[in-house]
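Model the placement of chain V on the given structure of chain B, informed by the hints.
Chains B and V, in that order, give the protein sequences. Note that our numbering has the first sequence beginning at 663, numbered continuously upward. Note that our numbering has the second sequence beginning at 663, numbered continuously upward.
A portion of the hints provided could be inaccurate.
Identical copies look the same in the list; a pair holds intra-copy or inter-copy alike.
[Said to hold, decoys possible] In silico lysine-lysine, DSBU-like type, Cα no more than 30 Å apart, as pairs:
1) Lys739 - Lys770
2) Lys739 - Lys827
3) Lys739 - Lys688
4) Lys770 - Lys688
5) Lys827 - Lys770
6) Lys815 - Lys739
Note that these hints are calculated values from the structure, not bench results.
Number of protein chains: 2
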Amino acid sequence: MTSILNDAGMDLIFRQARTHNGWQDKPVAEVSLRALYDLMRYGPTSANGSPARLKFLVSDAAKQRLAPALSEGNMAKTLAAPVVTIVAYDTHFNDLMPLLFPHEPTAKNWFADPAVRETTAFRNGTLQGAYLIIAARAIGLDCGPMSGFDNAKLDAEFFPDGQLKSNFLCNLGYGDPEALFDRSPRLDFDEACEIL
Amino acid sequence: MTSILNDAGMDLIFRQARTHNGWQDKPVAEVSLRALYDLMRYGPTSANGSPARLKFLVSDAAKQRLAPALSEGNMAKTLAAPVVTIVAYDTHFNDLMPLLFPHEPTAKNWFADPAVRETTAFRNGTLQGAYLIIAARAIGLDCGPMSGFDNAKLDAEFFPDGQLKSNFLCNLGYGDPEALFDRSPRLDFDEACEIL
Chain B
663 MTSILNDAGM DLIFRQARTH NGWQDKPVAE VSLRALYDLM RYGPTSANGS
713 PARLKFLVSD AAKQRLAPAL SEGNMAKTLA APVVTIVAYD THFNDLMPLL
763 FPHEPTAKNW FADPAVRETT AFRNGTLQGA YLIIAARAIG LDCGPMSGFD
813 NAKLDAEFFP DGQLKSNFLC NLGYGDPEAL FDRSPRLDFD EACEIL
Chain V
663 MTSILNDAGM DLIFRQARTH NGWQDKPVAE VSLRALYDLM RYGPTSANGS
713 PARLKFLVSD AAKQRLAPAL SEGNMAKTLA APVVTIVAYD THFNDLMPLL
763 FPHEPTAKNW FADPAVRETT AFRNGTLQGA YLIIAARAIG LDCGPMSGFD
813 NAKLDAEFFP DGQLKSNFLC NLGYGDPEAL FDRSPRLDFD EACEIL
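Only chain B is shown next, with the shape it has when bound in the complex (with noise of 0.2 Å):
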C-alpha cells in the first residue's frame, strides 16, 4: 500500500509555502532548530557525505557580525528575523565518511580530488540547504532563503580557516502574512520538462 502526504501537508511544504519578508515578534525555541535539524539530516546525500554545516544567529551580536557581507534590499528583514542560519559546506566534509559510509572503508578517498569535493560538497550542501527549508515548514516555521550577500566577507568573518564555506542565508522565524509579495509565475510542465 503506497502512503501519500496530505493534502494539508502538501500545502503546508509546498503549494501555500512562501517566502518570508517579514517576522512577527516571536522567538524560535532552540528545541525547534533541534527538531528541524533531526528532520533534514535524513534527506539524501552522495555516499551519505553530508556536507552541510549550519550556524542559527540567534542573538544580536552574531547578526551584527553578518550585517556587513549583506546586501542594501536583504539587510532590514534579515536583521529583524528572529534566527538567520548560514546554511554552509565543509569542503572536507569526506573526512568525516569513516563514520557516515563504514560498510566502505575507502569511500573518503572517491573524493580525494580537491575539484570533485568542491563540486560534491557544493551539490549537497545545497540540497541539504533545501531539505532544511522544508523540513522548517514541516515544523511550523517559514523561511526567507536569499543568496544576496557577499559570501567572501562572511566567510572571512565566520570561517576563517577556510575549511567551510557560505553557501546561502535561510531566515527563521514566524512570518508575517501582511508583508507576502504576490506569487510569481511557474513554469508549466511542458515549459521545464520532457518525456522521453
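Below, chain V without anything else, positioned relative to chain B:
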C-alpha cells in the same frame, strides 16, 4: 495557529524514506510525473529563477542513450528503474525572468555575468532537485538519486548545444524494500550545527 506536518508525513518525506536501489516491476504513470512537477515547482529559488530542467527517461531507447555515461556501479539499477530523471539546469535561465519575476523588469540583468549565472543556476537547480526528491516521496514514489556518471558524456548526448547542463540523476519508481542497504548514520546536531 501554526500548522505542522503530521508524524506520518514526516516519516514519508524524511524519517522513513530511503534511497532505493531495486525496483518493483510497476510503471510510473505520466500523471504522476506531472503531479510531481506540479508540487516541486513551488519550492523557492533566487528571484524565482527556476533554472531546473527535467528529462524523464521512460522508454528503453532513451535509457540506452544514457547508458554510456553511467558508472559501472550505477548501471544495472538505473536501467531497471521505471523512470530515470536527468536533473539539469538552464545556464540561460535568466532569459525567462520577465515571465518569472514580472514586477522587476531588470532582474534578467542581475545574472548577466556568466560566472554568477552559472553558480546561480547550479545552486538553484540543485535546490529544485531536492524539491523533486521530496515531492516524489510526497506523492508515494521512491527515489534513487545519484551523481556517479559522466556529466560531459551525458551533456554531449542530450544537450549538445550547451545551454542545459546535467546536475544529477534521480531514479523514480516503486522501490523494492528487499534491496535496501542499512541506513547509514547521520551527524548529530552538535557535529553539524552551532547556535550563535
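Now the hints, each set against the structure:
{"no.": "1", "hint": "Lys739 - Lys770", "in the structure": "between (40 Å within a copy, 23 Å between copies)"}
{"no.": "2", "hint": "Lys739 - Lys827", "in the structure": "within (23 Å within a copy, 34 Å between copies)"}
{"no.": "3", "hint": "Lys739 - Lys688", "in the structure": "within (14 Å within a copy, 48 Å between copies)"}
{"no.": "4", "hint": "Lys770 - Lys688", "in the structure": "neither (43 Å within a copy, 36 Å between copies)"}
{"no.": "5", "hint": "Lys827 - Lys770", "in the structure": "both (20 Å within a copy, 27 Å between copies)"}
{"no.": "6", "hint": "Lys815 - Lys739", "in the structure": "within (19 Å within a copy, 44 Å between copies)"}
Checked against the numbered hints given earlier, this structure breaks only hint 4.
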